[in-house]
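Colleague: Use these hints to put chains B and C onto chain A, whose structure you have.
Protein chains in written order, with my numbering: chain A, 1 to 409; chain B, 1001 to 1168; chain C, 2001 to 2434.
Simulated from the structure, these hints should not be mistaken for lab results. Be careful, since some hints might not be right.
To be verified - Below, simulated PhoX-like cross-link-like pairs (lysine-lysine); rule was C-alpha separation at most 20 Å, straight line:
id	chain 1	residue 1	chain 2	residue 2
1	A	LYS395	A	LYS159
2	B	LYS1016	B	LYS1159
3	B	LYS1051	A	LYS267
4	B	LYS1160	B	LYS1150
5	A	LYS76	C	LYS2346
6	B	LYS1048	B	LYS1150
7	C	LYS2285	A	LYS76
8	A	LYS253	A	LYS76
9	C	LYS2346	C	LYS2416
As the list claims (entries may be wrong) - Label pairs and their in silico Cβ distance ranges:
id	chain 1	residue 1	chain 2	residue 2	range
10	A	THR305	B	ALA1060	51 to 59 Å
11	B	PHE1096	C	GLU2003	45 to 53 Å
12	C	PRO2384	A	HIS218	46 to 54 Å
13	C	TYR2126	A	ALA367	49 to 57 Å
Computed from a predicted model, the values in this text were never measured in an experiment. Glycine included, C-beta positions come from ideal geometry on N, C-alpha and C.
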Amino acid sequence: MNAVSPSVQHSAGATPPRAFFTLGAVLAAAGLAAFLAGLLGPQPARAWQAFLINFLLWSAVAQGAVLFSAVTHTVKARWAGPLSGLAAAFAGFFPLSLGCFLVLLIGRNHIFPWLHQDLHGKEIWLNIPFLFTRDGIGFLILYGLGWAYLSQDLKLKTKTAAPAAGLRRLLAGRLPQTEADFQRVQGRKALWGTLYCFAFALVLSLIGFDLVMSMDPHWVSTLFGAYHFVKAFYVGLGALIILAAWVHLRQGKAAGLAASHFHDVGKLFLAFCLLWADFFYVQLTVIWYGNIPEETHYVILRTVTPPWNALAWTVFTVCFMIPFVVLINRRVKTMPHVMMVLCGLVILGIWLEHLLLLGPALNHEAAELPLGIADGLVFIGFLGGMLLAVGTMLKTFPELLPPESGGGR
Amino acid sequence: MPADTQLLGLFKDEAKAARAIQELAPAGFQFRRAHSPIPSHRILEVLKLTKGPVGWFTLAGGIIGFFTGFALAIFTAVQWNLIVSGKPIVSLIPFFIVGFEFTILFSVFGNVVGLLVCSRLPDYRGLETYDPRCSGEHFGVLAACDTGRKGELMDFFQKKGGEVRVFE
Amino acid sequence: MSELTYAEIDQTVLDTLSPPSGGYWLLVMVLILGVLTGAACWAYQIFTGIGVGGQNIPVAWGTYLINFVFWVGIAHSGTLISAILHLFRAGWRNPIARAAETMTVFAVCCAGLFPFIHLGRVWQVYYMIPLPNQRLLWPNFLSPLIFDVVAISTYLTVSALFWYTGLVPDLAVVRDRSTGLRHRIFRVLSLGWTGAHHQWLNYSRGYLFFAALATPLVISVHSVVSWDFALGVVPGWHTTIFAPYFVAGAIHSGLAMVLTLMIPLRRIFRYEAIITMNVLENVAKTIVLTGLIVGLAYGTEFFIAWYSRNPVEMESFYLRVTGEYAFGFYFMALCNVLIPVLLLFKAVRRSIPSLFTISLVINFGMWWERFVIIIGGVAHDFAPHSWGLYAPRPVEYGVMVGSFSLFFLLFLLFCKHLPSVSMTEMKETVSHAG
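Isolated chain A, as found in the complex:
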């Protein structure tokens, strides 16, 4: 298959403006300040809780968004073409995510409740060196594959022979010259993309078990790992829709994104909303029906006991009921403003869901929800980090933006 055609343009006007980066920096600074203030305050564990929750959420957003690009490439879904680059841009968050993971090591005494518990033999699996090694290797593999995939994708899309520097040189240097080169790059892109999909399932399952489920070390749910990666794709799609809607609103028709793209990705978003809810219901039904105390204590604490029950119903309403009812309507999916609000709401909802899962384990006998301004600021801080990461990728690689209309399907 031949390479890019010179008529495909990515307008410089499409890259994020300076205000985007300023906002990102301000938000990130606010979050960092709140986090540090929390660490130095009377309850450092609370700051670490906020850090862990947001690390998991925003890493999931990035991992899920990149998965969209990799999966649609693997199954050769051509409708996803223009959205694919935007999705791959989220890989910019991967280094930040890896950094945050390593920072968790610093706060380990506040984060892992099982450090000081009698684990009845689970110490083989739940110990700091082994956990951080295996999860670290998992992240390295996943993020490495993601960047390798992105790199091949950029090599196929880049046309300018201008000398590359820094990040551009790292990912999109040494462009393919001959037809044979192109074939090789395409083969590698397909390989890394497919491997990313496998790694996504395996690594996110592992993270789900290690960093979420094991916070209550005496509880198991076999589906928890898969639940975590379905959740990641759900929020990843949400973030992609927000980004695509923003690009579309800024540039209008010239953005190269048609109503059909929004309709298709909106349908996929609804499908994963249903799948996420299904994976939740499936676990709930089996645990409720078996009525075994070892399993039910986890669910009862989170769904029936105050203060967590209110949070549980909020999560259910925001992450399932509202998107389900709204997205049944066909036209809604093609209304960018509505979709931005809805997807933003879902990401907030999944943030609360992380609190719902982790909060009771990290705050025993909590009388009220451990949710305050500081937690919100840390959320915003990570959002700022995401804005900076994605903005940097789009600025450095404008090829990731959808080609101007007429250049793509």
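Modeller: Frame of chain A, contents of chains B and C only:
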């Protein structure tokens, strides 16, 4: 109208059939029906038809099914009010499964009823003004005209590139 | 495929409805004998008692449940192909959608027999129907077995209606190209379909809704079937992964059965231009995906059993690889996960004998997966005094032969009397490609 003659123009090309439909009214003939072996977006566009009303039947069925499913499960449970396996008598978590399946089942019933009603099936009388080639590779356009203009209509169809079949 | 004309499509498919050869009738006779064998065994069981089968305490569910789950599983990928891939606008599904949907209907029919067969007093099965009676008895909708009744009945009804709706335009084609008795029968069956614009308008919409409604059934029905096991507390059964695991496994075995049916069909009916190698290759690629999901599920189950440090759970999984039924586990791991990995290689994917062999291997492996799960769980649960083994007995083998014969017999009858490829959808594919 009983005095009308009906002619069926048969076209092998979808575009030609669509154009014939478009130009029937200006030419003073009455369009009756269009036949095609596959669903034709072009013909539907020319006829300015968008989606049919089948969806409303489906939705109605779904709503009925949702409440029926829960109602059945709850009704049967409260007849004897026996605690079984320590579960509450009215337990929504498992009853949701029954409600869900009934929603789908009755939505499908609604869908079938809607399909039959809106398509006016079964309809064996339509076969009287129909040519079997329309299910093969031809697109058929059924038009009516006054008995005197039969020749004109035949010419019209033939000029557009189609064969003609006359129904008296 | 775009070189095909409408006339060629019609002719190729209508040719398959011509009077069959002697070999066909011989095969039909053999299969009828198989069905009669199964019926005879079942009749013997009804008159003698359920004890003629091998199931007993503690393994109260034997091959009847294994076959039930097996056939429901086969049914699911038919709906995947005809409904879900229609929603995804995957054109490669068009040549095989009709046969896949038919496979679904017949597989659910076969599956639906087993809840009756496995009952001790099948003459009292009417108690499961929620109708007022003089004893004021009602079914217990808290029971997963009743969920099964609701789900399987819904699936059978919806699949049959979906199948028939899809057939109507094709029945009209057969009506228009036949004479005599066949013409009269198909005239009635096609409901007077003329392909009129108002018919197509509503038909396309209705078909889309059918696809959208059948899709959640694929997930929910096999989840409900998995809950027959997961809602109990038996080790190896009570695990949250069962619902998606069973659904993935169902699609895995169903896709393999699609290949098993399509490959001979394609050869005998000369469908090579319609069911191209690309179509078979895409089915094979999907099998790789489902095989990997099934493999991930196997691995996760072992990991969580170990992680949980629950001695009963750990022993159950230890015995899965070392116990009396370990051979079943090795069959399932090899046939369901390892061998389908070969389909990653293009040479294997594009070789008809390899595809056919691998499809048979997968179905063999998936049958053994259900064996390992169903028998392995209850054979060795909590209390040592209740441990026991199970082996199927001749009556069960007879019934199994009957069910396989019934499925293939129904499919064979279908092939020769109804169009096994959707002419309408093929024409649509051709018109979009051109």
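Colleague: Each of the hints needs a verdict: does it hold here or not?
Modeller: Hint-by-hint comparison with the structure:
no.: 1; hint: A:LYS395 with A:LYS159; in the structure: 16 Å, holds
no.: 2; hint: B:LYS1016 with B:LYS1159; in the structure: 10 Å, holds
no.: 3; hint: B:LYS1051 with A:LYS267; in the structure: 19 Å, holds
no.: 4; hint: B:LYS1160 with B:LYS1150; in the structure: 16 Å, holds
no.: 5; hint: A:LYS76 with C:LYS2346; in the structure: 16 Å, holds
no.: 6; hint: B:LYS1048 with B:LYS1150; in the structure: 27 Å, violated
no.: 7; hint: C:LYS2285 with A:LYS76; in the structure: 12 Å, holds
no.: 8; hint: A:LYS253 with A:LYS76; in the structure: 25 Å, violated
no.: 9; hint: C:LYS2346 with C:LYS2416; in the structure: 33 Å, violated
no.: 10; hint: A:THR305 with B:ALA1060: 51 to 59 Å; in the structure: 40 Å, violated
no.: 11; hint: B:PHE1096 with C:GLU2003: 45 to 53 Å; in the structure: 51 Å, holds
no.: 12; hint: C:PRO2384 with A:HIS218: 46 to 54 Å; in the structure: 25 Å, violated
no.: 13; hint: C:TYR2126 with A:ALA367: 49 to 57 Å; in the structure: 55 Å, holds
In the structure shown, a violation is registered for the earlier hints numbered 6, 8, 9, 10, 12, in ascending order.
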